[in-house]
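Let the sequences and hints guide you as you build the complete structure.
There are 4 protein chains.
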Amino acid sequence: MAKKRVGAKLWIIPDSYLPEQSTGGMKSHESACVLNLQSRAAKIKLTVYFEDREPLGGFEAICPPARTVHIRLEGLKNNRGEFIPVAKPMALMVESNVDVIVQHTRLDTTQPALALMTTIAFPLS
Amino acid sequence: MAKKRVGAKLWIIPDSYLPEQSTGGMKSHESACVLNLQSRAAKIKLTVYFEDREPLGGFEAICPPARTVHIRLEGLKNNRGEFIPVAKPMALMVESNVDVIVQHTRLDTTQPALALMTTIAFPLS
Amino acid sequence: MAKKRVGAKLWIIPDSYLPEQSTGGMKSHESACVLNLQSRAAKIKLTVYFEDREPLGGFEAICPPARTVHIRLEGLKNNRGEFIPVAKPMALMVESNVDVIVQHTRLDTTQPALALMTTIAFPLS
Amino acid sequence: MAKKRVGAKLWIIPDSYLPEQSTGGMKSHESACVLNLQSRAAKIKLTVYFEDREPLGGFEAICPPARTVHIRLEGLKNNRGEFIPVAKPMALMVESNVDVIVQHTRLDTTQPALALMTTIAFPLS
Chain V
8 MAKKRVGAKL WIIPDSYLPE QSTGGMKSHE SACVLNLQSR AAKIKLTVYF EDREPLGGFE
68 AICPPARTVH IRLEGLKNNR GEFIPVAKPM ALMVESNVDV IVQHTRLDTT QPALALMTTI
128 AFPLS
Chain U
8 MAKKRVGAKL WIIPDSYLPE QSTGGMKSHE SACVLNLQSR AAKIKLTVYF EDREPLGGFE
68 AICPPARTVH IRLEGLKNNR GEFIPVAKPM ALMVESNVDV IVQHTRLDTT QPALALMTTI
128 AFPLS
Chain L
8 MAKKRVGAKL WIIPDSYLPE QSTGGMKSHE SACVLNLQSR AAKIKLTVYF EDREPLGGFE
68 AICPPARTVH IRLEGLKNNR GEFIPVAKPM ALMVESNVDV IVQHTRLDTT QPALALMTTI
128 AFPLS
Chain D
8 MAKKRVGAKL WIIPDSYLPE QSTGGMKSHE SACVLNLQSR AAKIKLTVYF EDREPLGGFE
68 AICPPARTVH IRLEGLKNNR GEFIPVAKPM ALMVESNVDV IVQHTRLDTT QPALALMTTI
128 AFPLS
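Keeping their order, the protein sequence lines are chains V, U, L and D.
Residue 28 in our numbering sits at position 21 of the first sequence, and the numbers go up by one each step.
Residue 121 in our numbering sits at position 114 of the second sequence, and the numbers go up by one each step.
Residue 127 in our numbering sits at position 120 of the third sequence, and the numbers go up by one each step.
Residue 84 in our numbering sits at position 77 of the fourth sequence, and the numbers go up by one each step.
The set of hints was computed from the structure by calculation and includes no laboratory data.
Treat the hints with care, as some may be off.
Each pair may be met inside one copy or between any two copies, as identical chains are not told apart.
[Stated by the list, open to error] Taking lysine-lysine and the BS3-like style, the derived pairs with C-alpha atoms no more than 27 angstroms apart in a straight line are:
id : residue 1 : residue 2
1  : Lys16     : Lys34
2  : Lys16     : Lys52
3  : Lys95     : Lys52
4  : Lys50     : Lys84
In structure tokens, the structure reads:
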């Protein structure tokens, strides 16, 4: 499992968005899902990009070795106590100190029923 | 953040389509979501390809440094005042003068409720 | 536009499936969406793989230069007059004589409302 | 068809999840869809990663040459008789002894109607 290259340290998600509304029992949400196949913990840093303001950084998570972490954006607080806003077109940068693999998923229940979308994020270096 | 290679200058979306109808409060739409991690503004050009007619170009957008822009296709006007037609099978080419990363998303409410689909676009050079 | 490499000649879609049922006005369907950025027509060949029988080939389409073609699987007839079966787990191979880019999309209305999924296909050589 | 490189031997799906509930006639499920374009059978091994416990391995499948197999996670039993749990954030590693191509799809009917998501998995060596 401890291959030399098991993913990348930098992953990009150009379409991020936290829906404001939900219907039914499932809350609309978005996740950056990380898998760490390395032998030491991955320190994950998230930076949020906007259309009309400076990027918002300081969001952190830990992914232990041989574990996944599905980082849900809503409720995530950065090191200044700030949250990611809802209903704003955004993009995400996921940085890790060790190689990881990242998939991006949104679940949207804004209108009755359920919509899902997913993609492997875009790896950079 | 100013890495040498932060994406690509040319991105392809072979399945583009603007649904004609919407239900509920959310309008069906499609977006090319761009993130610019470079230090200067990205000039974005969109070209739309069809099954049965010449490509339609001249659609432009700007993505400032450290910003995202979610380019919604409906309502977009080119430099000759033309719009992208609805209900036509299309493909998109997204060109930028600097490296960017592009994700393609469609939200479809043609039938009650909500459908979403997304993928990282295909990078060319 | 006439770059040396504008895609690949061989694309793989491991999850293909034609839903048997539809609800509402939209018929469940699946498409292999092709964009041809080369200066000559692309001859496209589709081969369908199954879990429990020999592959089914002989499905053809043409994508002219600077055009897209969204090849809908249902209703497609091969050179022996055979159709692609419904309700069978399948995979697709899309071959072209010139480089193209391929995206795979399924629209499923088996249960009321609408589900969509898409991904850029996997390029081989 | 027997190209030198027809995919990869190791594929990663960072966002795996088996929904606990279903509505309507379609059961929520998730699949790793494999296509084998080689001339000999592919022995597939699945390992499931979690957020808070050791990985769960020992899930196996065979994909004959020129066949696809859509491995549905629910109901899959490993060599110790264990099942993959529902309602847990997970990630998947798909290993094969020969090159294959893998696409990941989830169908979710937790809330009335149908949601679909898909992506080509991330290839590692």
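As a check of your reading, is Lys50 near Lys84 (CA-CA no more than 27 angstroms) within one copy, between copies, both or neither?
within (16 angstroms within a copy, 33 angstroms between copies)
Copy assignment of Lys16 with Lys52, given that the CA separation must stay at most 27 angstroms:
So Lys16 and Lys52 pass the 27 angstroms test inside a copy (10 angstroms) and across (26 angstroms) alike.
Have a look at Lys16 and Lys34 and pick one of within, between, both or neither, based on CA distance no larger than 27 angstroms.
Neither, since 30 angstroms and 36 angstroms both go past 27 angstroms.
For the identical chains here, do Lys95 and Lys52 meet the 27 angstroms Cα criterion within one copy, between copies, both, or neither?
For Lys95 and Lys52, the Cα distance is within 27 angstroms both inside one copy (20 angstroms) and across copies (23 angstroms).
When the structure is compared with the earlier hints, a violation turns up for hint 1 alone.
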